[in-house]
Amino acid sequence: MDRTPRKWDFIWRVLAVGLILGFGGATARSATFTASLDRGTIALGETATLSLIFSGGQPSQAPDIPTLRNLPVAYLGPSSQFSVINGQVSSSVTYNYLLTPRQAGDYQIPSISAEAGGQRLATQPLTLRVENPGTEAGGGGAEFAFARLILPRKELYLGETITAQLQVFIDGRVQHGQPHLTGFPAEGFNVGNLREAQVRGAQIGAVSYRMISVDVALQVIKTGRLTIGPVTLSVPVEVPSANRRRDLFDPFGMFNRAERRTVSIAAPAEAVQGLALPLEGRPAHFSGAIGKFEMTASAQPTNVAVGDPITLKVQITGSGSFDTVELPALPPDAKFKTYPATTKVVPDDPLARQGSKTFERVIVPESTEASEVPAFSFSFFDPETKMYRTVLQPAVPLIVTPAPSGAVPVIAARQESQPASARDIIHIKPRLGTLSRIGSPLVFQPWFLTLQSAPMLALLLTVFWRKRTDVLAKNPGLRRKKMVSALTREGLRDLRRFAEENQSDLFFSTTLRLVRENLGERLDLPAAAITEAILEERLRPRGAPEPAVAAIQEVFQACNLAQYSPVRAGQELATLIPQVEAALRRIQELDV
Amino acid sequence: MIRLLAGCLTMLFCACRAIGTEGANTPFDAANRLYEEGNYNSAVKAYQEMLASGKASPALYFNLGNAWFKSGHLGQAIAAYRKAGQLAPRDRDITANLRFVRQQVQGPAWRPGAFARGAGWFTLNEWAAWASGCWWLCLLLLAARELKPSLAGRLKAPAGCAAAAALGLGVVLGWSVYQARACPAAVVVAKEAVARHGPLEESHETFRLHDGAEVLILDRKDDWAQISADNRQTGWVKRDLLEPI
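If you read the sequences in order, they're chains A and B.
The C-terminal position of the first sequence is numbered 592 in this note's numbering, with every residue numbered one higher than the one before it.
The C-terminal position of the second sequence is numbered 245 in this note's numbering, with every residue numbered one higher than the one before it.
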């Protein structure tokens, strides 16, 4: 009777079960349980955080940590993460514990087991190294600061990339600037990227420090005994002035007086052993990848015709040196034509140690027998476990149908647009052409560089000339002074000539003109207005020196006398020239 | 009279040309004959002896590149064509042969970007001459403005254009000089060159380059050069396996 509600009820139940199963299938993949320490090495007095991470499952309660001697453990609480990426649901729960060691030494944190997602899981054991602060500070050398270099291990493999941490401790009571790295010798290493400095507080003994840590990627390029450091730094600090004198305005020392200085510190050198990769257990297709990696691969499309391109995408993620990660080769008997792969590296951290490398290779099935992209594998060396590991990619099934009639599609190679390719090179040239000397280009020739300064010099000269012209145009006094100066030089030359030619009239008229022009310029009067009376009217009242007035008066009188007895001998005229020169000099020296 | 003068000038020109051709091209013609006879190794030596005199021409490098290519040395051929291209960047024959030889090269190789290809349209000396000319023109126009203030208005635009051109050309010239000095190019001239992580024989192999692969030299240390083959991969290669350009 009432069938419709029952029918809908049934449909809803089926859908709900399907959703639950689907969701569960997405989330309840294989659960994992890992443990990690935020730092592998700490100083006595510092704390470390132990994180227990559950992915794909969750325990009913926080796992218990075994009691460790001299290493108290405090539970800090959980944190969880839930993400959906491309439809893939993942969740993780992290339980954090604070470890506070009471004694220096190496602490072994044993494997911790817990039940999650219906499975019994266990972590890998961890080692926490606690160093004595007294010995750590040995590399310092400064009373306010010291540094140390932390390496993950003392035995490293050729080609391996590690993260070394340089820690700089600066007394918390001291004001300081940014430390500057002055030396980072690393024999047998390639020094890679640096991660930005992180600052946090640290307690060592009774002293509080500000700890600045810088991570640096180092790649081993040599075997044998290798040395890193001593790493040297300079740190600008402000310390309280030791010999502070009593200040009248600051009798109680209320105002902070500090002395600024630069402290040089050094982190002691660390010796490590560079090891060659073991030959034992090395896979045949090992390409040199060192680190920890995972591989995923996909092929699209999977339903194609013969000759159609398939894009094989292989992504290798993890941590290590991605330079040595190469695309795993397909088996040689694969029935595909392959094209060169494109590569893309996406680092997840500034040190480029973690991230992914993606290869995209176009493969073309050459026959319908190519029923699958064959399985392939990727091998790498794990320096922590000191073993080779191989990850396998299962075969991807394909549906390959015969090619449709007509031309088989061709994958166009990505090349620059070029004209039709020639069959041979163009023949030699019969004529030698103009020979030129083989040498440095013009821009490195000193004469060419010098030549470029010539127009600048010309411009400067014209600017100077222009400025001078402008100054003269705006200053009539200066202009008249220059004109009188030129007139005087020319007039004195004329006087000598007139004396030689015994031209008495011209000699005295020129003399009178020179005296008038010079006096006019000094007194700022027209030359025509200058007479002997000027001496009494203008010069003497203005305090002109008597010898100067007398010298000028003598020249005036000599000129007046010549009007009445004009003819004089040339020798007599020549003796007057020094007298005229002296009078003109005195006029120029007048301060009126 | 004019006819006589013209005849004398023509004779003088022909004589000068004949002297120049005979005198300078004799070893060149001999080297070309060796090439025509298929004696490519001897032709290479003959062209190299001419270069040892300290003088070169685009044709000399071009023919040397041909001889290297015919004797099976792709890297040396590319190096010679690149040097010919530096002297005559717009020579179509050089461009065509360089492109042809590049097609024979296997593996990764560095190729200049669009800006570098544009800058390579002129030689370094041509860029220097253009930039110098604009610099001179700009400053002399400014000097003329000072000498003749009445012309200031009319000279303003030409001086501004000359300044902008000098600046632009100077930037291109500076970039070209920087590229030539800081990241010089080189060609692999061995059958195979192993690029390593560090400048040591014990260092791990990064990748391999083949004869004719063009690279950029990023750094040098002792007998090693750090090279970049395709802007992504870098490695250290023995310097004697490279021919600098």
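Calculated directly from the structure, the hints in this document are not laboratory data.
Small disclaimer: the values here were computed from a predicted structure and weren't measured.
Every residue, glycine too, gets a C-beta built ideally from N, C-alpha and C.
Be careful, since some hints might not be right.
[As the list claims (entries may be wrong)] Taking lysine-lysine pairs in the DSS-like style, the calculated list, with each CA pair at most 27 Å apart, reads:
| hint | chain 1 | residue 1 | chain 2 | residue 2 |
| --- | --- | --- | --- | --- |
| 1 | B | Lys45 | A | Lys429 |
| 2 | A | Lys386 | A | Lys292 |
| 3 | A | Lys344 | A | Lys292 |
| 4 | B | Lys70 | B | Lys45 |
| 5 | A | Lys344 | A | Lys313 |
| 6 | B | Lys238 | B | Lys221 |
| 7 | A | Lys337 | A | Lys313 |
| 8 | A | Lys313 | A | Lys335 |
| 9 | A | Lys154 | A | Lys292 |
| 10 | B | Lys55 | B | Lys70 |
| 11 | B | Lys55 | A | Lys482 |
| 12 | A | Lys222 | B | Lys55 |
| 13 | B | Lys191 | B | Lys45 |
| 14 | A | Lys467 | B | Lys45 |
| 15 | B | Lys70 | A | Lys474 |
| 16 | A | Lys467 | A | Lys482 |
| 17 | B | Lys156 | A | Lys474 |
| 18 | B | Lys70 | B | Lys191 |
| 19 | B | Lys191 | B | Lys148 |
| 20 | B | Lys238 | A | Lys222 |
| 21 | B | Lys70 | A | Lys429 |
| 22 | A | Lys429 | B | Lys55 |
| 23 | A | Lys481 | A | Lys467 |
| 24 | B | Lys191 | B | Lys156 |
| 25 | A | Lys292 | A | Lys222 |
| 26 | A | Lys467 | B | Lys156 |
| 27 | B | Lys148 | A | Lys481 |
| 28 | B | Lys238 | B | Lys45 |
[As the list claims (entries may be wrong)] Some chain A residues well away from chain B (every beta-carbon gap over 12 Å; in silico):
| hint | residue |
| --- | --- |
| 29 | Pro66 |
| 30 | Ala122 |
| 31 | Ile204 |
| 32 | Ser287 |
| 33 | Pro397 |
| 34 | Pro430 |
| 35 | Leu451 |
| 36 | Met456 |
Tested hints:
Between Lys45 of chain B and Lys429 of chain A the alpha-carbon distance is near 17 Å, which keeps this suggested pair within the 27 Å criterion. Our distance criterion of 27 Å between C-alpha atoms is met by Lys386 of chain A and Lys292 of chain A, whose separation comes to about 11 Å. For the hint pairing Lys344 of chain A with Lys292 of chain A, the CA-to-CA distance comes to about 18 Å; that is within 27 Å, so the pair holds. Pair hint Lys70 of chain B plus Lys45 of chain B holds up; C-alpha atoms about 13 Å apart against a cutoff of 27 Å.
Simply put, Lys344 of chain A and Lys313 of chain A have alpha-carbon atoms about 11 Å apart, close enough for the 27 Å limit, and the pair holds. Between Lys238 of chain B and Lys221 of chain B the alpha-carbon distance is near 10 Å, which keeps this suggested pair within the 27 Å criterion. Using a Cα cut-off of 27 Å, the hinted pair Lys337 of chain A and Lys313 of chain A holds, with the two alpha carbons roughly 16 Å apart. Of the supplied pair hints, the one linking Lys313 of chain A and Lys335 of chain A holds, its CA atoms being roughly 18 Å apart against a limit of 27 Å.
Of the pairs offered as hints, the one joining Lys154 of chain A and Lys292 of chain A holds, with about 19 Å between alpha carbons and a cut-off of 27 Å not exceeded. Between Lys55 of chain B and Lys70 of chain B the alpha-carbon distance is near 24 Å, which keeps this suggested pair within the 27 Å criterion. For a cut-off of 27 Å, the pair hint linking Lys55 of chain B to Lys482 of chain A is broken: about 59 Å separates their Cα positions. Simply put, Lys222 of chain A and Lys55 of chain B have alpha-carbon atoms about 45 Å apart, too far for the 27 Å limit, and the pair is violated.
Taking the CA atoms of Lys191 of chain B and Lys45 of chain B, the gap is about 20 Å. The hint holds against a cut of 27 Å. For the suggested pair Lys467 of chain A and Lys45 of chain B, the alpha carbons sit about 64 Å apart, so the restraint of at most 27 Å is broken. Distance check on the hinted pair: Lys70 of chain B and Lys474 of chain A sit about 79 Å apart at the alpha-carbon level, beyond 27 Å; violated. Of the supplied pair hints, the one linking Lys467 of chain A and Lys482 of chain A holds, its CA atoms being roughly 16 Å apart against a limit of 27 Å.
Taking the CA atoms of Lys156 of chain B and Lys474 of chain A, the gap is near 26 Å; set against the 27 Å cutoff, the hint holds. Restraint check: the Cα-Cα separation between Lys70 of chain B and Lys191 of chain B comes to about 15 Å, which is no more than 27 Å; the hinted pair holds. At most 27 Å may separate the alpha-carbon atoms for a hinted pair to count; Lys191 of chain B and Lys148 of chain B exceed this at roughly 67 Å. The straight-line distance between the Cα atoms of Lys238 of chain B and Lys222 of chain A is roughly 17 Å, inside the 27 Å bound, and the hint therefore holds.
Proximity of Lys70 of chain B to Lys429 of chain A is assessed by CA-CA distance (about 15 Å); at most 27 Å being required, the pair is judged to hold. Taking the CA atoms of Lys429 of chain A and Lys55 of chain B, the gap is about 17 Å. The hint holds against a cut of 27 Å. For the hint linking Lys481 of chain A to Lys467 of chain A, the alpha-carbon distance of about 18 Å falls within 27 Å, and the restraint holds. Distance hint between Lys191 of chain B and Lys156 of chain B is unfulfilled; the C-alpha atoms sit about 60 Å from each other, more than 27 Å.
Using a Cα cut-off of 27 Å, the hinted pair Lys292 of chain A and Lys222 of chain A holds, with the two alpha carbons roughly 21 Å apart. Between the alpha carbons of Lys467 of chain A and Lys156 of chain B the distance comes to roughly 19 Å, so the proposed pair stays at or under 27 Å and holds. Between Lys148 of chain B and Lys481 of chain A the CA atoms are separated by roughly 26 Å; this keeps the pair inside 27 Å, and the hint holds. For the given pair, Lys238 of chain B sits about 25 Å from Lys45 of chain B by alpha-carbon distance, which is consistent with the 27 Å threshold.
The beta carbon of Pro66 of chain A sits about 41 Å from the closest Cβ of chain B, which is more than 12 Å, so the claim that it is off the interface holds. Listed as a non-interface residue, Ala122 of chain A keeps its Cβ farther than 12 Å from every Cβ of chain B; the least gap is roughly 35 Å. The claim that Ile204 of chain A is not at the interface with chain B holds, since no C-beta of that chain comes within 12 Å of its own (minimum 37 Å). Its beta-carbon lying about 10 Å from the closest one in chain B, Ser287 of chain A breaks the requirement of being farther than 12 Å from that chain.
With a cut of 12 Å on Cβ distances, Pro397 of chain A stays outside the contact zone with chain B, its closest approach being about 33 Å. The claim that Pro430 of chain A lies off the interface is violated: its Cβ sits roughly 7 Å from the closest Cβ of chain B, which falls inside the 12 Å cut-off. Here Leu451 of chain A does not stay apart from chain B, with its beta-carbon only about 8 Å from theirs, under the 12 Å limit. A beta-carbon of chain B is positioned within 12 Å of the beta-carbon of Met456 of chain A; the least distance is around 6 Å.
Checked against the numbered hints above, the structure breaks hints 11, 12, 14, 15, 19, 24, 32, 34, 35, 36 and satisfies the rest.
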